[in-house]
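Asker: Residues per chain are reported as follows:
Protein chains: 6
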Amino acid sequence: MRLAICPGSFDPVTNGHLDVIQRAARLFDRVVVLVAVNMGKHGMFTVDERCEMLRRATTHLPNVEVAAYNGLLADYARERQAAAIVKGLRAMSDFEYEFQMALTNRKLNSEVETVFLTTSTEYMYLSSSLVKEVARLGGDVSEFVPACVVNDILNKTERTEKNDR
Amino acid sequence: MRLAICPGSFDPVTNGHLDVIQRAARLFDRVVVLVAVNMGKHGMFTVDERCEMLRRATTHLPNVEVAAYNGLLADYARERQAAAIVKGLRAMSDFEYEFQMALTNRKLNSEVETVFLTTSTEYMYLSSSLVKEVARLGGDVSEFVPACVVNDILNKTERTEKNDR
Amino acid sequence: MRLAICPGSFDPVTNGHLDVIQRAARLFDRVVVLVAVNMGKHGMFTVDERCEMLRRATTHLPNVEVAAYNGLLADYARERQAAAIVKGLRAMSDFEYEFQMALTNRKLNSEVETVFLTTSTEYMYLSSSLVKEVARLGGDVSEFVPACVVNDILNKTERTEKNDR
Amino acid sequence: MRLAICPGSFDPVTNGHLDVIQRAARLFDRVVVLVAVNMGKHGMFTVDERCEMLRRATTHLPNVEVAAYNGLLADYARERQAAAIVKGLRAMSDFEYEFQMALTNRKLNSEVETVFLTTSTEYMYLSSSLVKEVARLGGDVSEFVPACVVNDILNKTERTEKNDR
Amino acid sequence: MRLAICPGSFDPVTNGHLDVIQRAARLFDRVVVLVAVNMGKHGMFTVDERCEMLRRATTHLPNVEVAAYNGLLADYARERQAAAIVKGLRAMSDFEYEFQMALTNRKLNSEVETVFLTTSTEYMYLSSSLVKEVARLGGDVSEFVPACVVNDILNKTERTEKNDR
Amino acid sequence: MRLAICPGSFDPVTNGHLDVIQRAARLFDRVVVLVAVNMGKHGMFTVDERCEMLRRATTHLPNVEVAAYNGLLADYARERQAAAIVKGLRAMSDFEYEFQMALTNRKLNSEVETVFLTTSTEYMYLSSSLVKEVARLGGDVSEFVPACVVNDILNKTERTEKNDR
Numbered sequence: 011m012r013l014a015i016c017p018g019s020f021d022p023v024t025n026g027h028l029d030v031i032q033r034a035a036r037l038f039d040r041v042v043v044l045v046a047v048n049m050g051k052h053g054m055f056t057v058d059e060r061c062e063m064l065r066r067a068t069t070h071l072p073n074v075e076v077a078a079y080n081g082l083l084a085d086y087a088r089e090r091q092a093a094a095i096v097k098g099l100r101a102m103s104d105f106e107y108e109f110q111m112a113l114t115n116r117k118l119n120s121e122v123e124t125v126f127l128t129t130s131t132e133y134m135y136l137s138s139s140l141v142k143e144v145a146r147l148g149g150d151v152s153e154f155v156p157a158c159v160v161n162d163i164l165n166k167t168e169r170t171e172k173n174d175r
Numbered sequence: 011m012r013l014a015i016c017p018g019s020f021d022p023v024t025n026g027h028l029d030v031i032q033r034a035a036r037l038f039d040r041v042v043v044l045v046a047v048n049m050g051k052h053g054m055f056t057v058d059e060r061c062e063m064l065r066r067a068t069t070h071l072p073n074v075e076v077a078a079y080n081g082l083l084a085d086y087a088r089e090r091q092a093a094a095i096v097k098g099l100r101a102m103s104d105f106e107y108e109f110q111m112a113l114t115n116r117k118l119n120s121e122v123e124t125v126f127l128t129t130s131t132e133y134m135y136l137s138s139s140l141v142k143e144v145a146r147l148g149g150d151v152s153e154f155v156p157a158c159v160v161n162d163i164l165n166k167t168e169r170t171e172k173n174d175r
Numbered sequence: 011m012r013l014a015i016c017p018g019s020f021d022p023v024t025n026g027h028l029d030v031i032q033r034a035a036r037l038f039d040r041v042v043v044l045v046a047v048n049m050g051k052h053g054m055f056t057v058d059e060r061c062e063m064l065r066r067a068t069t070h071l072p073n074v075e076v077a078a079y080n081g082l083l084a085d086y087a088r089e090r091q092a093a094a095i096v097k098g099l100r101a102m103s104d105f106e107y108e109f110q111m112a113l114t115n116r117k118l119n120s121e122v123e124t125v126f127l128t129t130s131t132e133y134m135y136l137s138s139s140l141v142k143e144v145a146r147l148g149g150d151v152s153e154f155v156p157a158c159v160v161n162d163i164l165n166k167t168e169r170t171e172k173n174d175r
Numbered sequence: 011m012r013l014a015i016c017p018g019s020f021d022p023v024t025n026g027h028l029d030v031i032q033r034a035a036r037l038f039d040r041v042v043v044l045v046a047v048n049m050g051k052h053g054m055f056t057v058d059e060r061c062e063m064l065r066r067a068t069t070h071l072p073n074v075e076v077a078a079y080n081g082l083l084a085d086y087a088r089e090r091q092a093a094a095i096v097k098g099l100r101a102m103s104d105f106e107y108e109f110q111m112a113l114t115n116r117k118l119n120s121e122v123e124t125v126f127l128t129t130s131t132e133y134m135y136l137s138s139s140l141v142k143e144v145a146r147l148g149g150d151v152s153e154f155v156p157a158c159v160v161n162d163i164l165n166k167t168e169r170t171e172k173n174d175r
Numbered sequence: 011m012r013l014a015i016c017p018g019s020f021d022p023v024t025n026g027h028l029d030v031i032q033r034a035a036r037l038f039d040r041v042v043v044l045v046a047v048n049m050g051k052h053g054m055f056t057v058d059e060r061c062e063m064l065r066r067a068t069t070h071l072p073n074v075e076v077a078a079y080n081g082l083l084a085d086y087a088r089e090r091q092a093a094a095i096v097k098g099l100r101a102m103s104d105f106e107y108e109f110q111m112a113l114t115n116r117k118l119n120s121e122v123e124t125v126f127l128t129t130s131t132e133y134m135y136l137s138s139s140l141v142k143e144v145a146r147l148g149g150d151v152s153e154f155v156p157a158c159v160v161n162d163i164l165n166k167t168e169r170t171e172k173n174d175r
Numbered sequence: 011m012r013l014a015i016c017p018g019s020f021d022p023v024t025n026g027h028l029d030v031i032q033r034a035a036r037l038f039d040r041v042v043v044l045v046a047v048n049m050g051k052h053g054m055f056t057v058d059e060r061c062e063m064l065r066r067a068t069t070h071l072p073n074v075e076v077a078a079y080n081g082l083l084a085d086y087a088r089e090r091q092a093a094a095i096v097k098g099l100r101a102m103s104d105f106e107y108e109f110q111m112a113l114t115n116r117k118l119n120s121e122v123e124t125v126f127l128t129t130s131t132e133y134m135y136l137s138s139s140l141v142k143e144v145a146r147l148g149g150d151v152s153e154f155v156p157a158c159v160v161n162d163i164l165n166k167t168e169r170t171e172k173n174d175r
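Protein chains in written order, with this note's numbering: chain A, 11 to 175; chain B, 11 to 175; chain C, 11 to 175; chain D, 11 to 175; chain E, 11 to 175; chain F, 11 to 175.
If a hint is listed, it holds; no wrong ones were tucked in.
Which copy is meant is left open, because identical chains are indistinguishable; a pair holds if it fits in one copy or across any two.
Subject to a maximum C-alpha distance of 25 Å in a straight line, what follows is the list of computed SDA-like cross-link-like pairs (lysine to any residue): (1) K166 x N48; (2) K166 x H52; (3) K117 x E153; (4) K142 x H52; (5) K117 x R88; (6) K166 x R65; (7) K166 x V47; (8) K117 x R12; (9) K142 x E62; (10) K117 x T131; (11) K117 x N161; (12) K142 x S130; (13) K166 x M54.
Quick caveat, the hints were computed from the structure, so don't treat them as lab data.
Using the sequences plus the hints, can you model the full thing?
Answerer: The following block contains the structure:
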C-alpha cells in the first residue's frame, strides 16, 4: 500500500486543489490532505474550518482523509511511512519554490519522494489568495471553488467587512 | 472609440509607468490610469496623492485620464466598456503574475482583453518599491521618476524618518 | 484607423493562432496576418499554402487580411504604417524570445509597438510543431486546428510518409 | 497494479536518467523505460543500442522493463493501461516543455497522468547531449553515466572522429 | 588591489552563503561581507549578532572582513572603491531580483560591477528563511549552517517559543 | 595575477560581447577571449575571421588577448591556470544554459570559477544570430556591432546571397 500526502494551507480549498487531490487519489492507494499549521500567518479560516471544508469537498473520494499537522512535513511523512508528497504545479514560480521544498524534504527524509502533478488548464490561474481577493471586492467565486464552500467564503467575507468598520 | 485601462498602485508613479501610459495613449483612443484602492496595504502615498501625482505627470497626454476604484478591475472595465487592460512587462515574475491576473479577468469579464506592452530597456529595472528604498537610504531618485514628483517623494521620505524617531 | 500585424510562420495555422487573430481583430481596425518567408527553413507547407489556409480560417473576420513578406518585419510595419505588432504568449520561453524581438523591432522602427495577448488556456499548450508531430505519429489533430485545415494536414502527412519509404 | 512509463530518447542513458528510473521504481508497481523512436533525428546510438544499454543499467531493478515505440506516447500508455508517465525535471526550460507535453498527452489520453520527479542535485546539470559533447572533446564521462556504458560511449566517439577525417 | 563586497541580510549565515564567500575570497584580493541594516524588517538575529556569527564562520579566510551598513550599497561601494559586488545565484527568482538590483546599482555607481557566482549544487536549495522554518518546527539544521552557529540558532529558536506562550 | 577567459562563438562579435569583455578587463589582470571551435556547426565566419574581428574590436584593451581552442573549456582553463570563466547574462534562457555549463565545468575543473556579468540594458536583446538575421533581411546592423566589423558582415551577407541563387 502506498500512501501520498497532499500538503498545503487550503485557506480555502479551490477547484485547483481539488483537481490535484483527485488525480493523486487515482495514483496512490491512500491520500492524506494535510493542512499545514502555520502559527506565523493568520488565515481567513481557522485550521479546523479548513479541514472541515476539505472533508466536505472530498466526501466522494473514499481513499482520501484530511488531517492537520504542526511540525515538519518530512517528519509527518516518516510517521505515516508515506511514499510520496504530491504537489500541483501551476506556474514557474510555483515550480521554483516547490523544487526548493522538494530538495529540502529529501534532505530531511530520504524515504519520501516529491511528486508534481499538473492541474487542468482551466484551474491553472487559481489560488486561494486570488479567491479571497475576488470575494473581498464583491466578485462571484462560484467558478473558482467547490460549490459546498461558496457560502463559507461569503459568510467569512461579510464578517471581515463588518469588523473593518 | 476604444478605451484602455492602465491599472496599478502607482505608489509613486515611475518613469517606467509613464513610458507604458504613453505607449497605451498612442494605441488606444482613450486611456484611464486606474489607481487600485487596496485597503489591506498602507502605501507611502494616499490614493488621492497618487492620483494627483499621476495627473501632473500626464498633463501632456490629452487622451489620458486618472481615476481610482475600490472594486474588481473586471467590473470597472465592464462599466467603462473598456476594450483593453494594459500592463507593462518588465521581467519573468511580472509575466507570471500578470498572466494569472489576465486569465482571471477574462473569466470575470470576457469582453475585455489584457494587452501587454514592454517598457524601454532603460526603465526595465524600475519599480515603485525600489524608488522608495533608494529614497529611504538617501539616494537620488531623479533618474527614476518624473521630475514633477521628485519633491513629493523627498517630502514623504523625510516625514517618515521623523516619525521613526 | 489603427492597423496591427500578426506575424508568424503558421506552418500550419492552429486554434491558438486563430484565437489570437480574433482577439486582435477586436482591438484594432485592421489586422494583417503576415506569413514570414524564411528561406532557411523548410516547412510542411509552402508559404502560398499557409496563406491559403489562413484565408480559409479567417473568412469570418472581415477586418483581417493575409499576406506574406520576405524582409524585416520592422520595414513591413513602416510600409503599412502599422500601429502594432501582435503576438500571442503561451509560456515563459515564448516571452523571452518575443521580448527580444520586440526590443529589436523597436530599435529598427520606433513607430510600431509590440503588443502581447494571451490565448485561451485550452490552447496554451498548442504549437504548429506539436500538431505536426501528433499527425506524423497517427494522432487526431482535429481538436488542435481549425476544421477547414484538418485535411490539408492529413494529406501532407501521408505524402511525407510515402516519400520516406 | 499501477504501471508507469519513463519516456525519453536516452542517447545515451545518464546517471540523471537512472536516478529518475530508480525513484519511479519505488513509487509504482511496474516501470517501462520507453525509448522514443524519432525518425527525424539521428542519434549517437541506434534505438536497439540504447535499449540494450538501458537494460544493462537497470538489471538491479526487478520491476523495470525497457521497450521502444514508434508512435504516440498517449497511445502506448493506453495500450499498456499505464497510470502514469514519469518525467524528471532538472530546470525551468525542462519544465516548460514537459508541461506542454503533459497537457497534450492529457488531451490525447485522459486516463494517464503525467508525474514529475526531481533528480538528485548532483545530477541536475546532466544531459545526454552534454555527455556526448564532453566525450567528443576528450573529457572523462565516467562521473556522468552508469559505469556499464562508459565504453559504449568511448567506442562510438572514436568511431565518429575517424569518420570525420 | 581589487576589493569585492558580498552583501546580504545573513539572518543567519548558511552554508550556501559561506560557499559564495569562499569563492569570492579566491577571486578578489579583499572581500567585505556586508550585513545590510534594514530598519523595516525584524530578523531572528540583531545586526551585531549576525556580524559576530559571520566573523566566527570566516576566521579561516584571512582576506575576508565583516561589516554592517545603514545606507545605499552603491554608496558603500564608492567609499570602499570596490571593484565588484558579489552575489550567489541559486534559482531563477534570485536571478530576476539580483538582475534588477545589479542594474540599479550600476545606475547609482557605474564604477562597481555586479558579479554572480553559483553555489555548490548541494547548497542550491538553502536559504536563511528555510533554516529558520526547519528550526522552528523542531528539525535538525546542522547540515544547513556552519557548525559554529548551530547553537545560536537553537538558543534563539527556544527563546522565541517561550515568548510565544 | 588573475586570468579570466571569455568563451563564445562570436560569429560575429556584437556590442553586447564587447561590453562584457570590457567589464571583465576591469575586474581581472588578463582576459583571454576564447573562440570555441565547434566542428559540428558552420558559422557565417571562419574561426580565423572571428579571431581577427575580435582583435580589431579589442585593440583599445591592453590586457585582452584573443585565442581559439578545439577542446574542453575546462582543460583550456587548467592549462592557462585561469581563475575565472566570464559569461554575460542577458535573459532567463541564457541563465539556465550557462548555469548548467558552470556546474559541468566545476565538475571537470574545480580550480576555475564561473563568473556572470550583466550587459548594459541597451545590449540586452542582442545576439549574433539576431545580427545575422537583420543583415540577411537587408536591415542596418551598425547599432548592433562594433563599427570595425560592419563591413565584414555586409560582405559576408552579400556573398551568401550570391551563393543562394
